[in-house]
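Residue numbers (numbering that gives the first Met the number 0), protein chains in the order written: chain S, 0 to 353; chain C, 0 to 387.
Errors might be hidden in some of the hints.
Below, in silico cross-link-like pairs of lysine-lysine (PhoX-like), each with a Cα-Cα straight-line distance of 25 Å or less [said to hold, decoys possible]: (1) C:Lys34 to S:Lys61; (2) S:Lys283 to C:Lys308; (3) S:Lys95 to S:Lys84; (4) C:Lys194 to S:Lys283; (5) C:Lys164 to S:Lys287; (6) C:Lys79 to S:Lys283; (7) C:Lys194 to S:Lys224; (8) S:Lys294 to C:Lys34; (9) C:Lys34 to S:Lys287; (10) S:Lys285 to C:Lys34; (11) C:Lys80 to S:Lys285; (12) S:Lys332 to S:Lys285; (13) S:Lys240 to C:Lys194; (14) S:Lys67 to S:Lys224; (15) S:Lys294 to C:Lys80; (16) C:Lys194 to S:Lys287; (17) S:Lys91 to C:Lys79; (18) S:Lys224 to S:Lys251; (19) S:Lys285 to C:Lys79; (20) C:Lys34 to S:Lys84.
In short, the hints are calculated from the structure, not lab data.
Predicted model only: the values in this text are computed from it and were never measured.
Residue-level listing of the chains:
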Amino acid sequence: MKRRQFLGLLGAAGITATLGTTKAQASTHSFEGYPGAKGVLFDETRCIGCRKCEAGCNKVNKLPAPAKPFADLTVLNQERRTDEKTYTVVNKYRGKNGPAFRKMQCNHCMEPACASVCFVHAFTKNPDGSVTYDPTVCVGCRYCMVACPFNIPAYEYSDPLTPRVMKCTLCHDQIQKGEQTMPGCVEACPKEALTYGKRDDLLQIARARISQHPERYENHIYGEKEMGGTNWLYISGDPFKDIGLREDLGSKSVPEIVSGPLSVVPMVAALWPALLGGVWAINKRKEKVAAEEQKAAVKAARAAAKAEGEAKLAKAMENAERDKNQAIEREVKRALEEAEAAKKDAGDDGGEGA
Amino acid sequence: MSTENNNKSLMTPANIITAVILAIGLVITVLRFTKGLTGVTNLDQNNPWGLWIGFDLLCGVALAAGGYTTSSACYIFGLKKYHSAVRPAILTAFLGYALVVFALHYDVGRPYRLVYPIFYQPGTTSLLFEVGLCVFLYVTTLAVEFSPAMFEWLGMKNVRNAIHKLTLPLTVFGVVLSTLHQSSLGALYIAVPSKLHPLWYSPYLAILFFVSSIPAGLSMVIFEGTLAHKPWHHMMDKTHLDEHEGVILGFSRGAAISLGAYFCVKLVAMAYDNNWSYLATGWGAWWLLEVVGFVLAPCLMYAIGSREKNIPLIKWAAALTVVGIILNRLNVSLIAFNWQLPSSQRYFPSFYEIMFSVFVVTLGVTIYRFIVSRMPIFFEHPDYKDAH
Chain S
0 MKRRQFLGLL GAAGITATLG TTKAQASTHS FEGYPGAKGV LFDETRCIGC RKCEAGCNKV
60 NKLPAPAKPF ADLTVLNQER RTDEKTYTVV NKYRGKNGPA FRKMQCNHCM EPACASVCFV
120 HAFTKNPDGS VTYDPTVCVG CRYCMVACPF NIPAYEYSDP LTPRVMKCTL CHDQIQKGEQ
180 TMPGCVEACP KEALTYGKRD DLLQIARARI SQHPERYENH IYGEKEMGGT NWLYISGDPF
240 KDIGLREDLG SKSVPEIVSG PLSVVPMVAA LWPALLGGVW AINKRKEKVA AEEQKAAVKA
300 ARAAAKAEGE AKLAKAMENA ERDKNQAIER EVKRALEEAE AAKKDAGDDG GEGA
Chain C
0 MSTENNNKSL MTPANIITAV ILAIGLVITV LRFTKGLTGV TNLDQNNPWG LWIGFDLLCG
60 VALAAGGYTT SSACYIFGLK KYHSAVRPAI LTAFLGYALV VFALHYDVGR PYRLVYPIFY
120 QPGTTSLLFE VGLCVFLYVT TLAVEFSPAM FEWLGMKNVR NAIHKLTLPL TVFGVVLSTL
180 HQSSLGALYI AVPSKLHPLW YSPYLAILFF VSSIPAGLSM VIFEGTLAHK PWHHMMDKTH
240 LDEHEGVILG FSRGAAISLG AYFCVKLVAM AYDNNWSYLA TGWGAWWLLE VVGFVLAPCL
300 MYAIGSREKN IPLIKWAAAL TVVGIILNRL NVSLIAFNWQ LPSSQRYFPS FYEIMFSVFV
360 VTLGVTIYRF IVSRMPIFFE HPDYKDAH
């Protein structure tokens, strides 16, 4: 459960942030693995490709019998991978000194990709180092298979309604119940190519073997750092890429890789409504201002028209007044002139006139 | 239309083809739920996600982005002249998302548990949880956003008016959810730097998916408007027909700008990871085809088309953009995914997988035809004119 909480915090979980519960710690974490967590060291120089580990795994996990018996080594001529009926396979590669063999199974990452990408938390990283799967919550989306950098989880494709994801459990249940003291494959190995123990001890053993025989080993422990470190470790006499282990995976775990995009999620939820609401408000205001401006403009235009009309009227009145006055003046003038003329006439006649 | 229950015969070529495809869909349904995914798909242990995720989910969601782009343009960015385009876009988005969810029921192993991540045991560290939650909420939002059309059709005025008042908050909520899940669909692949080809892998995948969903949505509105215009011309009111060209021109400007931005983000992603050297490889040629042929070319076509009011050119740009988005989503999910595996272990969809995708699209088109022939999608209901 602790592991779950840890993974939960990693995502700066959107829900925590939006609900505003406890202090959500950001992704500034470092996880060194559970103290005392166990693992397995695989030594490629010791593996003889006998497939006894495959048989041991099959028996302990009560998996269906294979198409060809485990004693049939011609199977090795083709590269295989784990599937829904096989938790582990041994593959043959061309090594420096003849054939080389490498066992493949779940590497039980310290920060598992499958566990971090599962949207129902069907995977658990246990304190004993194993990564286990809970079929009672699995939806069957297969994102774990997409995300696993080692292509390990397998799916029961032919089951129409209750398919499970199948993979090595490091014999977690059997060891918990006391049926096994170590994983079935380790127990079955006749050459001690597999060592079960605490991961810290295994790292020391691996370093000791490499330093005692630097000519025999590549100077690298595969799984110490790859994808954030795995509980399954490999040492080899051949370059790791020649025995089917990718050297370009880097040392960042998947939870670390995706913590960035995950942390952005609550921010979008927090900021978008304000931004979009702001844009909406600006537009609303623009519309309002535009409407007010229009109103004001109409009013101004009306007032101007009115003023202009009044001015025109006033001018017209003035003109009319002037015309009227002129007419009066004209009339008066004419009357006076007429009167003058009449006076003259009367003067000529010698009488009073008008 | 031929789907209407009048005296016209139902035996039109379109209806016969639809019936055949729906029948094949039924066969696939039976096979999937009796024989499992092995019975119908080419999926295997190395290729857990196939066409049903790559096309039905990723392309479906990207192409349904017309819903949030159109409604936010109209209601948030105040471009009221696009109002007549909102309903068709919301309808398409709603059908798109509903079908995405429908298709997921075939792809996941235990469809009866699809609600587990939300209601039973949420895996909050998963980007898929985020996608699931947002898609769940967004389908609901779209259903509510679409419902006024249905209530108008059914004559339920009070409900319709109550929901209509929620338009703005629903639109904002829809944009938040769309931003989140459009980007998270891309972010799903941020977890797999070792499996996706570097030209398509980027820590910016979330931004790339979100930004590209905008031209995808706008192009789908243009594309779909073009397709719908002929058969449903008689259903469109004067406002719709009058605004139609304005919508196309406006959306093509938007698409040109957003495609340009998308192109820039692509280049930034490329520069950030310093992937230039891959351009000289075969994968580089494929990348260039996607980015030059289906991003840069339609971007320029849109720009020229909207400037010169060249509607046919704009329609071609829309078609190219839609194809380009499909190509991009398939590149990320299928073609450039697992690129390091030998060709014998690569995935190619089975006949049934392809037919199922055809079935889902046909189902969408059929429901679309049913709805637009009846409900006020292309026209405003006479009772609610000037109601907005």
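Right, here's what the structure says about each hint:
1. C:Lys34 to S:Lys61: Cα-Cα ~24 Å, so holds.
2. S:Lys283 to C:Lys308: Violated. Lysine 283 of chain S to lysine 308 of chain C sits at ~29 Å, over the 25 Å cutoff.
3. S:Lys95 to S:Lys84: Violated, at roughly 32 Å.
4. C:Lys194 to S:Lys283: violated, 48 Å
5. C:Lys164 to S:Lys287: Holds, because 20 Å separates the two Cα atoms, which is no more than 25 Å.
6. C:Lys79 to S:Lys283: holds, 12 Å
7. C:Lys194 to S:Lys224: Answer holds: lysine 194 of chain C to lysine 224 of chain S is near 19 Å, not above 25 Å.
8. S:Lys294 to C:Lys34: It is violated: about 72 Å lies between the C-alpha atoms, which goes past 25 Å.
9. C:Lys34 to S:Lys287: violated, 63 Å
10. S:Lys285 to C:Lys34: Roughly 61 Å between the alpha carbons, so the hint for lysine 285 of chain S and lysine 34 of chain C is violated.
11. C:Lys80 to S:Lys285: Judged against 25 Å, a Cα distance of about 16 Å means the pair holds.
12. S:Lys332 to S:Lys285: violated, 68 Å
13. S:Lys240 to C:Lys194: With a Cα-Cα distance of about 16 Å, the restraint between lysine 240 of chain S and lysine 194 of chain C holds, given a limit of 25 Å.
14. S:Lys67 to S:Lys224: Given pair lysine 67 of chain S, lysine 224 of chain S is violated - Cα atoms ~36 Å apart, limit 25 Å.
15. S:Lys294 to C:Lys80: holds, 22 Å
16. C:Lys194 to S:Lys287: violated, 54 Å
17. S:Lys91 to C:Lys79: violated, 68 Å
18. S:Lys224 to S:Lys251: holds, 8 Å
19. S:Lys285 to C:Lys79: holds, 13 Å
20. C:Lys34 to S:Lys84: Satisfied, since the Cα-Cα distance of roughly 18 Å is no more than 25 Å.
The earlier numbered hints that this structure contradicts are 2, 3, 4, 8, 9, 10, 12, 14, 16 and 17.
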